[in-house]
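Participant: Now for the letters of each chain:
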Amino acid sequence: MNTLTIARKELNSYFRSPIAYGVMAFFALIAGYFFYVAVVFFVRRGVESSMMGQSMPMDMNDFVIRPLFSNVSVIGLFLIPMITMRLFAEEKRSGTIELLVTSPLRDLEIILGKWLAALILYAAMLGISALSLAVLFAYGQPDWKPILVGYLGLLLLGGALLAIGTFISTCTKNQIVAGVAGFAICLLLWVLDWASSFGTTVTDKVISYLSVLQHFDSFSKGVLDSKDVLFYLSVIFVGLFLTARSLESLRWRA
Amino acid sequence: MIKVQGLTKRYARKVAVDNISFEVEKGQIVGFLGPNGAGKTTTMRVLTCFLPPTSGTASVAGFDVLEQPIEVKRRIGYLPETPPLYPEMEVHEYLEFVGRIKGVASQDLPRRLNEVSEKCAIADVRKMLIGKLSKGYRQRVGLAQAIIHNPDVLVLDEPTAGLDPHQIIETRDLIKGLAGEHTIILSTHILPEVEQTCERVIIIAKGKLVAMDTVANLTSRLRGAETVAVEVMPREGQVDPALVQKKLEQVAGVSRVLPREHRDGKLLFTVESLEGRHIRPGLARAVVEAGWNLNELHAVGLSLEEIFLQLTAAPEEIKAEHAAAEAVAAEPLGETK
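Protein chains in written order, with my numbering: chain Y, 1 to 254; chain W, 1001 to 1337.
Calculated directly from the structure, the hints in this document are not laboratory data. Nothing here was measured: the structure is a model prediction, and the numbers come from that model. Hints may contain errors.
[What the hints assert, rightly or not] Which chain W residues stay away from chain Y? Per the calculated CB distances, all over 12 Å, these: (1) D1018; (2) E1067; (3) T1082; (4) L1085; (5) R1100; (6) K1119; (7) V1125; (8) A1179; (9) V1215; (10) A1229; (11) R1235; (12) V1239; (13) K1247; (14) E1249; (15) L1258.
[What the hints assert, rightly or not] The calculated label-pair distances, taken between Cβ atoms and stated as ranges, are: (16) W:G1037 with Y:A130: 51 to 59 Å; (17) W:K1014 with Y:Y33: 51 to 59 Å; (18) Y:I207 with W:E1088: 40 to 48 Å; (19) Y:I30 with W:D1164: 37 to 45 Å; (20) W:K1176 with Y:F241: 40 to 48 Å; (21) W:T1054 with Y:V202: 45 to 53 Å.
[Said to hold, decoys possible] Derived list of chain W stretches under chain Y, where covered just means 3 residues or more per stretch with a C-beta under 8 Å from a C-beta of chain Y: (22) 1025–1036; (23) 1048–1060; (24) 1072–1080.
For every residue, glycine included, the Cβ atom is placed at its ideal position computed from N, Cα and C.
Starting from the given sequences, assemble the full structure and let the hints guide the process.
Facilitator: This is how it looks when you write it as structure tokens:
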């Protein structure tokens, strides 16, 4: 109940500041562009195959939806720090953290509320990409089950990164610092994904396992793998756990 | 209502609060007085469960701040030095939010909102964005926020800081109006504020408790020995200052006479009385009977400012006073008024 009160207040702040609109507009632009490119490629391929008189396998899920999901996952990586940077940093700067912490709330309620609000904003952002997919349903018959799995994957990936971002936001009073640090970590995770694709040593395997994007591959294919679900859930847990510790240490250091 | 025992708060390099003990009875307004950096805010933060004490205990309404923080938080309304406001929210929306997180039941919330807005005179800005409010209104919204859940104890950290004189008076009246229903601790470094709003004063300096008493007692205790300025002028010619001094010293109740400046034949003395003696009539008579003119005779009162300076500047010298304060502290606060 308290968690929902906090989440509602956070969402309120998001939509009263330019952040929510900026993030969503940017996402709509980039995701829309990638969607357009994928569809154009798909259509051209279709035309080519009919001109050559031989039927090539033409699957919307493979050629449009799957690349779209991979692209959206990477875009998310860059937008998530913008969503999480203000969560705690702003409260620390303006002193309102004192109100939250001296209210009869458990730390967990505060943290979950804030994380939930960020997740809802992220989900709303993903909703824009669903509009593009709706167009596919209007002109073709893509399989809807892999799409659901893909969105579940995006939510899990987003939840994990948001949890990390929330933790970073508790470490500083400065939104910009929180944003830049979050961005740096997301960038690092992205680079890890590249790096891991080259080597085969144990180290590479470990790095590859840690790569947040790596685990999204199965989801974008429409495969629901419990291993990857578990990975994201553990990252969410670790992120929120660190947030809780950091919030607590705030009091002991103060 | 509030009980603090041997409270110490140590930060990495410095001790912010050093072994402070005090108690506050239900319904009192207590002023927490001290120079900036004396440890007022730290003590308040411990009471509101924002900071844990390094050692010692603090309890509010019988609940320990470390052991049952949620119960303590339910019973405390806290206004930090900068009111914790969200500029992007409307006033009523903000108060509703605070009401919810403070645990006001949904069906009581509209009624509480009305009561609180009326009490703090913010009903006319209910629909305004907090970011657009003036400083005085913000402070009142901050107070409204602190009392929305009708807490037993109100902790106000410098509630009048940064307000203009008119707003200061309004805020003080508001706080006085809140007493009775709530037990109030307010911190300030402005002395007249304590004299005007509070029943009891706790003075701390450099993290240590220096004095604790009612305002009246504190002033009279330190003013116990009367200090009088006397200006004497001979009717004609010169008179030996030593002679005048001797004469004054002979008045009953005088403990010592200090010569001040002598100019244009006027002799100025500062006369101190023994504890609890009124020496002004005697001085007047002595001067007139000796055939001199008495130009001036007035009590040099120790203002609360001076007391404050005396107490906070040199804690060693007033150890005796401190002991007295502790003796007072041992009694239940309500009865010493």
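Participant: Are the hints correct? Go through all of them and say.
Facilitator: The hints, checked one at a time:
Annotated as non-interface, D1018 of chain W keeps its C-beta farther than 12 Å from every C-beta of chain Y; the closest such distance is 17 Å. Every Cβ of chain Y is farther than 12 Å from the Cβ of E1067 of chain W; the closest lies at roughly 15 Å, confirming the non-interface assignment. For T1082 of chain W, the requirement that its beta carbon stay farther than 12 Å from each beta carbon of chain Y is not met, with the minimum near 5 Å. Taking the minimum C-beta to C-beta distance to chain Y, about 7 Å, the non-interface status of L1085 of chain W is violated against the 12 Å cut.
Distance to chain Y contradicts R1100 of chain W as a non-interface residue, since its nearest Cβ pair spans about 5 Å, not more than 12 Å. Consistency note on K1119 of chain W: stated as away from chain Y, and its beta-carbon is indeed over 12 Å from all of that chain's, at 19 Å minimum. The Cβ of V1125 of chain W sits about 18 Å from the closest Cβ of chain Y, beyond the 12 Å cut-off, so the non-interface label holds. Every CB of chain Y lies more than 12 Å from the CB of A1179 of chain W, the least distance being 21 Å, so the non-interface label holds.
A cut-off of 12 Å between C-beta atoms confirms that V1215 of chain W is not in contact with chain Y; the least separation is 28 Å. Distance check on A1229 of chain W: its Cβ is at least 48 Å (rounded) from any Cβ of chain Y, clearing the 12 Å threshold; non-interface status holds. The Cβ of R1235 of chain W lies farther than 12 Å from every Cβ of chain Y, with a closest approach of about 68 Å, so its non-interface assignment holds. Once the 12 Å rule is applied to beta carbons, V1239 of chain W is consistent with being away from chain Y; the minimum gap is 66 Å.
Distance to chain Y confirms K1247 of chain W as a non-interface residue, since its nearest Cβ pair spans about 62 Å, more than 12 Å. Remark: the non-interface label on E1249 of chain W is consistent with the geometry, its nearest Cβ contact in chain Y lying 57 Å away (cut-off 12 Å). Taking the minimum C-beta to C-beta distance to chain Y, about 49 Å, the non-interface status of L1258 of chain W holds against the 12 Å cut. About 56 Å separates the C-beta atoms of G1037 of chain W and A130 of chain Y, a value consistent with the hinted range of 51 to 59 Å.
For the pair K1014 of chain W and Y33 of chain Y, the supplied restraint of 51 to 59 Å holds, since their beta-carbon distance comes to about 56 Å. In this structure the hint that I207 of chain Y and E1088 of chain W lie 40 to 48 Å apart at CB holds, the actual value being about 42 Å. For I30 of chain Y paired with D1164 of chain W, a C-beta distance near 51 Å fails the hint of 37 to 45 Å. For the pair K1176 of chain W and F241 of chain Y, the beta carbons lie near 47 Å from each other, so the given range of 40 to 48 Å is met.
At about 47 Å, the CB distance of T1054 of chain W to V202 of chain Y agrees with the hint of 45 to 53 Å. Residues of the stretch 1025–1036 of chain W lying with their CB closer than 8 Å to a CB of chain Y number 0, which falls below the three-residue condition for coverage. Here's how the stretch 1048–1060 of chain W fares: 5 of its residues keep a CB closer than 8 Å to some CB of chain Y, so the rule of at least three is met and the hint holds. Residues of the stretch 1072–1080 of chain W with a Cβ under 8 Å from some Cβ of chain Y number 5, which satisfies the need for three, so the listed coverage holds.
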